[in-house]
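Engineer: What follows is the residue order along each chain.
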Amino acid sequence: MFEALMTFIVTFLTAPLAIKLGLSLRILGVDVHKSWRPIIPKTGGLPLILGTIAGLLLNHVLGGGAFAGVIALSCFIAAIIGFFEDFMEEINPRLKPILLLLPALPILLAGAFTPRPVIPFLGKTRLYNIYPILVLSSYPIVCNAVNSIDVLNGSMALTSIPFFVMSMIIFYVRGDYQLLILSAIFLASLLAFIPYNKYPAKIFPGNSGSLFIGAAITSIAIIGRIEIASIIALLPQIMNEMHIIFSLGGIRSAKKFRVRPLKVEDGLLTASEESDAPITLLRMLCAKARVDERGAVYALMAISIFTSFLGLITDLLFIEGAL
Amino acid sequence: MGLGKNFVSVLVLFTVIWATFLVVSYLIAITIFYTLEYPQMMSSMSILRVIVGLVIAGGWVTAWYKLTRFWLYRILMGKKET
Chain A
99 MFEALMTFIV
109 TFLTAPLAIK
119 LGLSLRILGV
129 DVHKSWRPII
139 PKTGGLPLIL
149 GTIAGLLLNH
159 VLGGGAFAGV
169 IALSCFIAAI
179 IGFFEDFMEE
189 INPRLKPILL
199 LLPALPILLA
209 GAFTPRPVIP
219 FLGKTRLYNI
229 YPILVLSSYP
239 IVCNAVNSID
249 VLNGSMALTS
259 IPFFVMSMII
269 FYVRGDYQLL
279 ILSAIFLASL
289 LAFIPYNKYP
299 AKIFPGNSGS
309 LFIGAAITSI
319 AIIGRIEIAS
329 IIALLPQIMN
339 EMHIIFSLGG
349 IRSAKKFRVR
359 PLKVEDGLLT
369 ASEESDAPIT
379 LLRMLCAKAR
389 VDERGAVYAL
399 MAISIFTSFL
409 GLITDLLFIE
419 GAL
Chain B
692 MGLGKNFVSV
702 LVLFTVIWAT
712 FLVVSYLIAI
722 TIFYTLEYPQ
732 MMSSMSILRV
742 IVGLVIAGGW
752 VTAWYKLTRF
762 WLYRILMGKK
772 ET
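As you go down the protein sequences, you meet chains A and B in turn. Reading the first sequence from the start, the letters are residues 99 to 421 in my numbering. Reading the second sequence from the start, the letters are residues 692 to 773 in my numbering.
Incorrect hints may appear among the rest.
In silico EDC-like cross-links for lysine to aspartate or glutamate, where the CA-CA straight-line distance does not exceed 16 Å [what the hints assert, rightly or not]: (1) B:K757 / A:E183; (2) B:K771 / A:E371; (3) B:K770 / A:E372.
No lab work stands behind these hints, which were simulated from the structure alone.
Produce the entire structure from the sequences given, and follow the hints as far as they go.
Structural biologist: Structure follows, in structure tokens:
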């Protein structure tokens with residue numbers, strides 16, 4: 099577990115540098131859910147990536163398996179797409195899902211997948227033709243879903259942590275310590291990032307950070323053969339993204355919302371009551387209520403803990419015995 | 692409604708979605724996935740299985756969206772119109 103410790107230290111120490119870099123290069127975003135609308139650097143992807151790379155390199159030096167390099171490459175490709183959006187401009191929302199197919203290539207080319215997922219009530223299947231297509235399509239879905247929940251201070255990190263804890267428990271039960279360490283590396287980077295990203299945020303993860311974590315989750319789910327548990331654990335993120343797409347009537351930029359899903363009144367969040375406002379998880383939590391931002395983030399995290407628990411019991415009851 | 696009640700209500704919604712997902716994943720596996728992996732069956736039967744699977748998958752996603760709309764507007768906001 100030296101890898102996770104190394105990741106934590108590097109992420110924690112590089113985050114202040116990323117804040118300075120963001121301020122000096124004017125890579126900034128507006129914190130729209132605060133009445134005073136502070137301007138925050140959105141360079142948080144850098145410490146997440148640097149910390150994780152440090153941990154993965156140490157894992158390689160310590161004789162870890164080949165998966166570390168494949169996962170690192172996949173995540174890095176997703177992060178580059180995010181960096182372009184953070185540093186340059188928003189990518190066309192129809193082009194972005196196509197670009198997000200690219201992080202799947204390292205997994206597919208390295209053959210780092212087993213096309214025999216276990217389906218509840220059915221058992222082990224043989225999906226030699228379909229599984230690569232499912233791998234390819236999973237990256238745009240999960241990366242965008244993780245990105246869609248990055249709406250409040252700390253929400254992306256705190257809703258992703260339960261997935262990594264769930265995966266670590268499953269890999270521990272299975273005795274797969276290499277994958278357990280890889281999950282621990284990503285968990286450590288998020289834990290070290292939280293002090294800077296929690297309310298009131300000093301830095302945002304940006305699209306680079308959320309797409310990086312989305313690709314990490316997808317890669318671990320595929321390589322670790324925890325597909326069904328991962329889908330269940332990610333139901334909040336997937337539901338959020340799916341309902342935004344449905345509400346907008348297709349894949350469009352979230353900036354095109356005519357009516358925002360939330361309003362800020364006296365520093366508290368409240369849901370829009372207009373029927374054409376997009377349906378989001380946060381809007382559901384704030385319906386007919388005035389919610390403090392911290393409370394809303396903790397509620398999002400608690401929902402992710404709940405769905406990760408459902409994913410865990412599904413895996414233990416239906417999947418592990420059939421692998 | 693306060694945050695606590697909304698939170699519990701959303702957990703109930705996710706429990707319903709989880710339970711239906713388990714059933715739907717099974718149904719998709721025995722219709723679409725099975726047919727595409729084992730194409731030696733009669734072609735008319737294969738097409739029928741894929742159509743049934745697609746209807747189930749599409750129906751589930753649509754039902755999920757409608758249920759969430761109902762949950763938001765009727766249960767959480769107490770509106771009559773959804």
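Engineer: Hint by hint, note whether the structure agrees.
Structural biologist: Results for each hint:
| no. | hint | verdict |
| --- | --- | --- |
| 1 | B:K757 / A:E183 | violated, 33 Å |
| 2 | B:K771 / A:E371 | holds, 12 Å |
| 3 | B:K770 / A:E372 | holds, 11 Å |
Hint check: a violation occurs at hint 1 only; the rest are consistent with the structure.
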